[in-house]
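If you use this note's numbering, the sequence shown corresponds to residues 1 to 119, in order.
Just to be clear, a hint being listed does not mean it is correct.
Claimed, not checked - If you anchor each label on the Cβ, the simulated ranges turn out as follows:
#1 Gln67 x Gly6: 34 to 40 Å
#2 Gln9 x Ile30: 30 to 36 Å
#3 Leu33 x Gly5: 37 to 43 Å
#4 Pro85 x Leu33: 26 to 32 Å
#5 Glu46 x Lys104: 31 to 37 Å
#6 Arg34 x Asp101: 34 to 40 Å
#7 Glu108 x Leu33: 51 to 57 Å
#8 Glu113 x Leu33: 48 to 54 Å
#9 Asp83 x Gly5: 28 to 34 Å
#10 Thr52 x Ile30: 20 to 26 Å
#11 Glu43 x Leu96: 35 to 41 Å
#12 Arg64 x Arg86: 22 to 28 Å
#13 Leu117 x Glu46: 44 to 50 Å
#14 Lys104 x Leu33: 48 to 54 Å
It is worth saying that the hints were derived from the structure and are not from the lab. Even glycine gets a Cβ: it sits at the ideal position worked out from N, Cα and C.
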Amino acid sequence: MNPFGGIVQKAFYLGLGLATVAGEKAGETIGELRTQASKLADELVERGEMTTEEARKFVDDLVRNSQNPIGETPISSGSGDKDSPRTINIDDDDVLPSDVDTLKSEVEALQEELRRLQK
Numbered sequence: 001m002n003p004f005g006g007i008v009q010k011a012f013y014l015g016l017g018l019a020t021v022a023g024e025k026a027g028e029t030i031g032e033l034r035t036q037a038s039k040l041a042d043e044l045v046e047r048g049e050m051t052t053e054e055a056r057k058f059v060d061d062l063v064r065n066s067q068n069p070i071g072e073t074p075i076s077s078g079s080g081d082k083d084s085p086r087t088i089n090i091d092d093d094d095v096l097p098s099d100v101d102t103l104k105s106e107v108e109a110l111q112e113e114l115r116r117l118q119k
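Given the sequences, and given the hints that come with them, work out the whole structure.
This is how it looks when you write it as structure tokens:
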């Protein structure tokens with residue numbers, strides 16, 4: 001066998017071994033997380049801060065979220081494009097300058113009253 005083929009084969013086995021170790025480590029970590037979450041949920045149920053059903057859902061959600069890649073949110077914004085920020089539409093066509101002045105004067109009056117009450 002040529003030396004280049006041996007290097008490729010060793011690199012392949014190294015990658016396969018690393019993937020196996022990483023998978024086992026991830027499985028152990030998820031198992032530990034489930035155990036710790038179950039203990040926490042049991043304590044909350046004993047204290048009456050959570051029902052048994054809520055505790056079960058809490059543990060399941062926690063484990064499911066731990067399996068998601070970092071930075072991925074389980075709640076979708078509905079826009080379909082998770083890389084772009086969500087658009088916020090501000091409809092200011094109905095705002096008249098006189099309304100703005102009125103609101104500013106009301107805010108100033110409330111601030112003055114607050115200062116007076118704080119003294």
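message: If you test the structure against every hint from before, which numbers come out violated?
response: Checked against the structure, the hints that fail are numbers 5, 6, 9, 11, while the rest are satisfied.
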